[in-house]
Amino acid sequence: MLLTGSITKQRDGEKELMKMRKSQFNLLTKIFFYIVLSGLSIGFLIPFLWMISTAIKKPEYVWVFPPQWIPNPVVWKNFPEALKIMNFSFHLRNTLIITSLTMLGTLLSSSLVAYGFAMFRFKFREVLFMLLLSTMMLPSQVTIIPLFIVFTSLRWVNTFKPLIIPSFFGSPFFIFLLRQFFLTIPRELNEAAIIDGAGYFTIYRKIILPLSKPAIASVAIFQFMGAWNDFFGPLVYLNQMEKYPLSLALYAFRGVYSTDWHYLMAASVVITLPCLIVFFLAQRYFIQGITLTGMKG
Amino acid sequence: MERKSRLAQREAKYGYLFISPWLLGFLMFVIIPIIASLYLSFTNYELFKPGTSWIGFKNYIELLTQDRLFWLSLYNTVYYTVFSVPLGIGVALILALLLNRKLYGVTIYRTIFYLPSVTSGVALSLLWVWLFNPTYGLINVLLGKIGIQGPGWISDPKWAKPAFILMSLWGVGGTMVILLAGLQGVPEQLYEAAELDGANWWQKFRHVTFPMISPVIFFNLIMGIIGAFQYFTQAYVMTGGGPVDSTLFYVLYLFRQGFLLLRMGYASAMAWLLFIIILLLTIIQFKLASYWVYYEAEGR
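Sequence lines, in order, name chains A and B. Mapping to my numbering: the first sequence position 108 is 108, numbers consecutive. In short: position in the second sequence from 1, add 297, done, that's my numbering.
There could be a bad hint or two in this list.
Said to hold, decoys possible - One-sided and incomplete, this derived list gives chain B residues near chain A with beta-carbon spacing under 10 Å:
(1) I405
(2) W425
(3) T432
(4) I475
(5) F526
(6) Y591
Said to hold, decoys possible - With a cut-off of at most 25 Å between alpha-carbon atoms, the simulated BS3-like pairs for lysine-lysine come out as follows:
(7) A:K30 to B:K399
(8) A:K123 to B:K310
(9) B:K399 to B:K501
(10) A:K84 to A:K243
(11) A:K30 to B:K501
(12) A:K243 to A:K161
(13) A:K58 to A:K84
(14) A:K206 to B:K310
(15) B:K455 to B:K442
(16) B:K442 to A:K58
(17) A:K77 to A:K58
Because the hints were derived from the structure by calculation, they are not lab data. Just so you know, even glycine gets a beta-carbon here, dropped at the ideal spot from N, CA and C.
Let the hints inform the model, and build the full structure from the sequences given.
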């Protein structure tokens with residue numbers, strides 16, 4: 001860094017000259033970048049447009065070649081029909097129960113554990129934290145069979161318990177994310193509050209949590225998305241239709257209406273929409289959450 | 298002195314108290330199941346079937362020497378991993394480099410590139426089944442427009458795996474965001490110094506950008522490979538392993554053995570082999586990392 005600094009000073013004049021030369025290219029480069037970015041954007045968006053386009057087609061128009069992008073007529077009633085057939089509101093209820101309770105469990109437990117790892121000194125802290133990190137690399141297949149056997153003997157299979165209860169014991173990824181954030185809060189706050197006679201739980205509730213709203217929001221959003229889209233867990237633990245969340249219900253719907261793409265796409269649009277809306281409303285927290293965990297290898 | 302150590306003791310006590318939910322969960326949902334799964338892998342345990350007995354390495358021997366589908370599923374998974382992970386990181390890096398400019402409205406593009414990663418699972422898998430439809434699917438329609446007769450994609454054993462790889466590239470948004478954050482952390486002075494020395498864009502990339510973000514790439518490589526080895530939902534929804542087992546990925550086969558055939562001992566052995574493979578790959582990568590990953594000196 002030192003070396004770079006001295007070079008920069010020495011050649012200040014040269015730098016100005018280069019800046020001037022650079023600005024001539026700027027406009028062309030900018031246009032070039034906009035064209036490339038826009039082209040790529042179309043590529044990324046087209047599948048979504050195709051999904052919507054199919055969702056509003058008359059059934060017989062789905063199989064027309066070449067396809068119409070904006071169908072004539074636009075058939076909005078595909079949506080209510082598809083939702084009715086797949087019993088949407090019923091499965092939405094299941095998804096909402098699972099999603100809200102796992103969010104509660106994860107937020108509560110992960111933030112407490114992260115607080116413990118970030119603000120307290122105790123024996124084996126580093127070792128335990130390494131263990132926690134290494135469980136992120138553990139393939140869940142290694143634990144799922146014994147867990148399934150145990151949950152079967154507890155008669156938890158076909159209930160939401162196997163999906164919800166583990167979330168109350170903290171999730172390594174979220175603990176890591178929150179700890180990274182808590183570490184940016186000065187430890188002295190913790191210590192000062194102790195001297196003032198506040199208990200640790202009070203500090204956690206009145207200082208740490210309010211200061212960490214952005215990180216908490218990231219966790220809440222990730223957990224929402226994860227639970228909303230989860231397929232493997234419900235697939236393993238639920239085998240009665242009336243327990244199915246939306247993800248499994250959509251899969252079952254496809255099993256029966258496998259060629260009714262106007263219905264399947266209409267249902268898919270509706271199921272995808274909440275995630276997209278949440279993302280647009282809370283994009284900032286999303287990006288921050290990914291960055292917070294992704295950077296430290 | 299005594300007061301201080303009492304404080305430290307109190308701190309330690311509360312530290313353990315706060316992490317206790319995880320400790321308990323770690324014990325109940327990780328440690329005990331891991332041991333149980335190792336034990337099961339040496340038995341012929343089948344759910345709802347009495348008469349489980351210890352059979353030693355028989356499951357492992359059967360997997361490695363007799364089970365054609367095991368090797369096929371491993372091959373399919375390695376194939377998918379070898380292409381989708383590096384390609385995914387490459388595409389994510391290109392997107393991140395394009396976005397790493399002070400352009401007006403650049404966040405809109407970031408949003409668009411990230412959008413497919415927001416949702417995953419069944420809805421988007423169905424969308425891709427439809428996109429890959431050989432005759433009426435959008436991809437072949439577009440290919441047809443430029444005079445290319447598109448393949449059968451997921452209905453063609455030769456093209457099914459490439460189809461999944463292509464699809465995976467649509468979801469590189471997460472990696473892109475991480476890489477972008479890495480790029481934004483590269484100090485501006487390094488580029489200025491390189492420019493003054495007359496470096497062109499490639500030299501700048503090769504000698505400044507790449508070394509500086511190599512730890513981030515490394516992290517994504519590790520997590521990407523671990524994720525790719527556990528590829529499941531999309532394949533389960535879109536092909537169920539077909540056609541002719543060409544997309545029978547490892548975890549799909551494990552699921553079939555464990556939860557459809559209920560051969561849980563056998564499936565446990567598969568899970569342990571997967572664990573070992575992932576562990577070995579991760580260790581190898583850490584060993585190789587010293588050749589290409591650049592770590593800044595500590596204590597900046």
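Verification of the hints:
1. Using the Cβ-Cβ criterion of 10 Å, the hint placing I405 (chain B) at the interface with chain A is satisfied: the shortest such distance is roughly 8 Å.
2. Contact between W425 (chain B) and chain A, as hinted, is supported at the beta carbon level, the nearest pair being about 7 Å apart and thus within 10 Å.
3. Because the smallest distance between the Cβ of T432 (chain B) and any Cβ of chain A comes to about 7 Å, under 10 Å, the interface hint for this residue holds.
4. The restraint placing I475 (chain B) at the interface with chain A holds, with a minimum CB-CB distance near 3 Å, inside the 10 Å limit.
5. Restraint check, F526 (chain B) versus chain A: the minimum CB separation of about 7 Å is within 10 Å; hint holds.
6. Violation of the interface hint for Y591 (chain B) is found here, the shortest Cβ-Cβ separation to chain A being roughly 12 Å, above the 10 Å cut-off.
7. Our distance criterion of 25 Å between C-alpha atoms is met by K30 (chain A) and K399 (chain B), whose separation comes to about 10 Å.
8. A hinted pair counts as satisfied when its Cα atoms are at most 25 Å apart, and K123 (chain A) with K310 (chain B) qualifies at roughly 10 Å.
9. With a C-alpha separation of about 18 Å, the suggested pair K399 (chain B) and K501 (chain B) falls inside the 25 Å cut-off, and the hint holds.
10. Of the supplied pair hints, the one linking K84 (chain A) and K243 (chain A) holds, its CA atoms being roughly 17 Å apart against a limit of 25 Å.
11. The suggested pairing of K30 (chain A) with K501 (chain B) holds, with an alpha-carbon distance near 19 Å, which does not exceed 25 Å.
12. At most 25 Å may separate the alpha-carbon atoms for a hinted pair to count; K243 (chain A) and K161 (chain A) meet this at roughly 12 Å.
13. A C-alpha spacing of about 17 Å is found between K58 (chain A) and K84 (chain A), which places the hinted pair at or below 25 Å, so the restraint holds.
14. About 21 Å separates the Cα atoms of K206 (chain A) and K310 (chain B), which keeps this hinted pair within 25 Å; it holds.
15. The straight-line distance between the Cα atoms of K455 (chain B) and K442 (chain B) is roughly 23 Å, inside the 25 Å bound, and the hint therefore holds.
16. Distance restraint check for K442 (chain B) and K58 (chain A): the Cα-Cα separation of roughly 24 Å lies within the 25 Å cut-off, and the hinted pair is therefore satisfied.
17. For the proposed pair K77 (chain A) and K58 (chain A), the alpha carbon gap of about 10 Å is at most 25 Å, so the pair holds.
Consistency note: the structure conflicts with earlier hint 6 alone.
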